[in-house]
Each structure stands twice: as C-alpha cells, then as structure tokens.
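Be aware that the sequence shown starts at 1, since it is given in our numbering, and climbs by one per residue.
Treat the hints with care, since some could be wrong.
Stated by the list, open to error - Under the rule of at most 25 Å between Cα atoms (straight-line distance), these lysine to any residue pairs were calculated in the SDA-like manner:
id: 1; residue 1: Lys-14; residue 2: Phe-56
id: 2; residue 1: Lys-285; residue 2: Ser-146
id: 3; residue 1: Lys-140; residue 2: Arg-15
id: 4; residue 1: Lys-140; residue 2: Val-243
id: 5; residue 1: Lys-17; residue 2: Glu-58
id: 6; residue 1: Lys-229; residue 2: Pro-192
id: 7; residue 1: Lys-140; residue 2: Arg-237
id: 8; residue 1: Lys-17; residue 2: Val-205
id: 9; residue 1: Lys-140; residue 2: Lys-229
id: 10; residue 1: Lys-285; residue 2: Pro-242
id: 11; residue 1: Lys-140; residue 2: Lys-228
id: 12; residue 1: Lys-228; residue 2: Ile-238
id: 13; residue 1: Lys-219; residue 2: Trp-314
id: 14; residue 1: Lys-14; residue 2: Trp-176
id: 15; residue 1: Lys-14; residue 2: Val-142
Just so you know, the hints here were simulated from the structure itself, not pulled from any lab data.
Just so it is clear, the structure is predicted and the values come from calculations on it, not from any experiment.
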Amino acid sequence: MITASMSVVIPTFKRPKLLYKCLEALCRQDYPGCFFEVAVVSDGPDPQTEAIVQFFAEEYTDFCITFQSLPVQSGPAAARNYGWRRTAGDLVVFTDDDCVPDAGWLAAYWRAYRFHDQKYIAFTGRVTVPVRDCPTDYEKNVAYLSSAEFITANCACSRNALELTGGFDEAFPTAWREDSDLQFKLLTSQVPIYHVSEAIVCHPVRKPLWGVSIAEQRKSMFNALLFKKHPALYRTRIARGPVWNYYIIILASIAAALGLALGAPAVGGAALLIWSCLILLFVTKRLSGTDASFSHRAEMMVTSIVIPYLSVYWTIRGALRYKVFFL
Numbered sequence: 001m002i003t004a005s006m007s008v009v010i011p012t013f014k015r016p017k018l019l020y021k022c023l024e025a026l027c028r029q030d031y032p033g034c035f036f037e038v039a040v041v042s043d044g045p046d047p048q049t050e051a052i053v054q055f056f057a058e059e060y061t062d063f064c065i066t067f068q069s070l071p072v073q074s075g076p077a078a079a080r081n082y083g084w085r086r087t088a089g090d091l092v093v094f095t096d097d098d099c100v101p102d103a104g105w106l107a108a109y110w111r112a113y114r115f116h117d118q119k120y121i122a123f124t125g126r127v128t129v130p131v132r133d134c135p136t137d138y139e140k141n142v143a144y145l146s147s148a149e150f151i152t153a154n155c156a157c158s159r160n161a162l163e164l165t166g167g168f169d170e171a172f173p174t175a176w177r178e179d180s181d182l183q184f185k186l187l188t189s190q191v192p193i194y195h196v197s198e199a200i201v202c203h204p205v206r207k208p209l210w211g212v213s214i215a216e217q218r219k220s221m222f223n224a225l226l227f228k229k230h231p232a233l234y235r236t237r238i239a240r241g242p243v244w245n246y247y248i249i250i251l252a253s254i255a256a257a258l259g260l261a262l263g264a265p266a267v268g269g270a271a272l273l274i275w276s277c278l279i280l281l282f283v284t285k286r287l288s289g290t291d292a293s294f295s296h297r298a299e300m301m302v303t304s305i306v307i308p309y310l311s312v313y314w315t316i317r318g319a320l321r322y323k324v325f326f327l
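Given only the sequences and the hints, what does the whole structure look like? Please build it.
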C-alpha cells in the first residue's frame with residue numbers, strides 16, 4: 001500500500017456542480033515525485049456529493065479519493081479537521097469546493113515542502129479571481145481574495161504544524177475568519193508561513209442573489225471571536241479600529257429622529273444632513289469603478305442604507321456572545 005505524500009482536504013455541502021469542477025482539476029494534476037490523496041468532507045449527510053465522489057473513484061482508478069461526512073452540520077472548520085485527522089499525508093493541502101486548482105498546484109507545494117524541509121511549516125499560494133473591468137460590488141469584494149495573506153481556498157500545512165496548533169477552531173461555524181485564526185495560531189507558535197506563487201488556484205465568482213451584501217453582514221459577529229483570541233494580530237492585520245462612519249451614521253439618524261420628535265427642527269435637520277452626506281459618500285465609494293447598470297446602482301443605494309445598522313448590530317451581538325469589548 002502506497003502512503004500518500006500529500007493529503008488534499010475539501011469541505012463541501014450540497015454544491016455538487018461546483019465540487020465536480022474542482023475534482024476535475026485535481027484529476028489533471030501534474031505531480032512528479034509524490035503521491036496524493038483527496039478527502040472530500042461533507043458538512044452533514046449529502047447523497048448527491050457522495051455519488052459524485054464515487055463516480056470519480058470508479059472513473060479514475062488511479063485517483064485516490066474518499067468521501068467522508070459529518071453526522072450533523074458543524075461548519076467548514078469542523079469538516080476540515082475531520083478530514084485532515086483521517087488522512088495520512090505529511091503535507092495537508094486545503095482548498096474549497098468552488099475553486100479550480102492549476103495543473104501544477106500540488107507539485108509547487110511539494111517542491112516548496114521538500115526544499116524547506118522543516119517539521120513545522122505552512123504555505124500559502126496564489127488565488128486568481130477573474131472579474132470584469134467594471135465588476136459589481138460583490139465581484140469586487142470577492143476579488144480581494146487574490147491579495148489575502150492566508151485563506152483556506154489555497155493553503156497547506158505540515159501535519160505536525162496542524163497537530164501543534166490543533167487545526168481549525170470549530171467555534172467558527174461559518175466560512176469566515178477560521179482561516180485567519182489558523183494563520184494567527186501558526187504565527188503565535190512561530191511556525192513559518194511561506195508564500196508559493198506557483199501554487200495557483202482560480203476562484204470564480206458565482207452570481208449572487210440581489211442584496212447579498214445585507215446577508216454578508218452577519219459575518220461581523222465572528223470578527224469579535226477572532227479579536228478576543230488574537231487582539232494584537234487582529235488590529236495589525238485585519239482592522240486597526242472600528243468602522244467609525246457606521247457608528248456616526250447611526251448616531252446621526254437617532255439625533256435626527258429625536259430632534260424632529262422633540263420639536264428641535266434645527267438639531268434634527270443638521271443631524272439628517274450629516275446622515276445624508278455620509279450615506280451618499282458610502283454609496284459613491286461602493287459604486288466607484290463598478291457596474292453602471294440600473295439594477296446594480298439601485299442595489300447599492302438600498303443596501304448602503306441598511307448595512308451600517310446591520311454591521312453594528314452583528315458586531316455588538318458578537319461582542320456580547322463572546323464576552324469581549326469589541327466595536
């Protein structure tokens with residue numbers, strides 16, 4: 001029996017079409033000098049995904065792939081932990097089901113791993129995000145993945161490094177900040193993280209639902225957890241401070257309502273003017289260099305009014321949930 005040099009772990013849940021493209025790319029890997037296994041881990045029972053994995057296992061007999069499933073939905077962090085703890089590779093490589101690795105992806109990581117030859121080590125690759133010249137606000141936000149320091153769409157850790165840090169913190173129940181938490185644990189444990197520019201993964205942008213940025217604000221809650229665990233690293237690598245504009249917008253709207261309700265129109269009018277100017281600046285910033293269609297502009301105007309309130313709500317809710325002073 002051949003022991004895998006590398007283990008690829010892919011968390012997924014009921015996204016068979018996306019996973020299929022990812023697995024197709026893995027079948028085309030050029031991997032001289034090493035043997036790899038793939039562990040597809042479903043975040044809960046998922047017969048469709050299991051059938052796809054079975055298809056690849058039967059269609060490509062030299063493709064070492066297994067399907068694993070969590071008994072109940074617990075999030076991608078839990079799925080990744082479940083996967084790497086049940087594989088055998090010395091180097092564990094992570095990507096997501098909506099990503100398409102380049103043909104030389106694994107070979108690049110393996111060369112870097114053999115070159116550095118360290119027991120405790122981690123790597124981050126390059127993520128490309130194809131977007132239009134005038135993208136939507138959502139596309140522009142996804143494109144920031146291409147400049148991220150360390151993300152699960154394209155990273156690798158020695159098994160020893162994962163065992164040292166404990167892997168992913170399963171207290172992060174969604175795909176947000178769990179990768180930064182692992183990065184910060186690696187840094188705190190003095191595990192070096194090397195950038196491998198030849199290890200390339202493409203992250204296509206899927207078409208979102210209208211108003212997706214409103215739903216995205218819920219992620220703000222988990223910023224509080226990351227801050228609680230790594231306050232200094234959070235402030236130096238994520239955000240130096242709160243988004244004060246949001247708080248000023250909220251205070252201005254409260255002052256405007258109170259001023260008008262209590263018979264102080266001058267105060268209410270001034271506060272309303274401040275609120276209007278800040279919202280206009282926010283809309284302008286989001287629209288800059290983006291899709292000029294009427295639908296997109298209307299979406300930006302509507303969501304820009306709502307986002308400050310929801311973002312602060314979820315931030316405060318996170319601070320209360322994780323018992324940390326965080327704005």
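Now the hints, each set against the structure:
1. Between Lys-14 and Phe-56 the CA atoms are separated by roughly 17 Å; this keeps the pair inside 25 Å, and the hint holds.
2. Between Lys-285 and Ser-146, the direct Cα distance comes to roughly 20 Å. Compliance with the 25 Å bound is thereby established for this hinted pair.
3. With a C-alpha separation of about 23 Å, the suggested pairing of Lys-140 with Arg-15 holds against the 25 Å cut-off.
4. Our distance criterion of 25 Å between C-alpha atoms is met by Lys-140 and Val-243, whose separation comes to about 19 Å.
5. For a cut-off of 25 Å, the pair hint linking Lys-17 to Glu-58 stands: about 18 Å separates their Cα positions.
6. This hinted pair checks out: Lys-229 and Pro-192 have alpha carbons roughly 20 Å apart, not beyond 25 Å.
7. For a cut-off of 25 Å, the pair hint linking Lys-140 to Arg-237 stands: about 20 Å separates their Cα positions.
8. Straight-line distance between C-alpha atoms of Lys-17 and Val-205 comes to about 14 Å, which keeps the hinted pair within the 25 Å bound.
9. Under the criterion of a C-alpha separation no larger than 25 Å, the hint pairing Lys-140 with Lys-229 is inconsistent with the structure, at around 29 Å.
10. Using a Cα cut-off of 25 Å, the hinted pair Lys-285 and Pro-242 holds, with the two alpha carbons roughly 18 Å apart.
11. Taking the CA atoms of Lys-140 and Lys-228, the gap is about 29 Å. The hint is violated against a cut of 25 Å.
12. Of the supplied pair hints, the one linking Lys-228 and Ile-238 holds, its CA atoms being roughly 13 Å apart against a limit of 25 Å.
13. The hinted pair formed by Lys-219 and Trp-314 meets the criterion: a straight-line CA distance of about 8 Å does not exceed 25 Å.
14. Restraint check for Lys-14 and Trp-176: the C-alpha separation of about 19 Å stays at or below 25 Å, so the hint holds.
15. The hinted pair formed by Lys-14 and Val-142 meets the criterion: a straight-line CA distance of about 21 Å does not exceed 25 Å.
Hint violations for this structure: numbers 9 and 11, all remaining hints satisfied.
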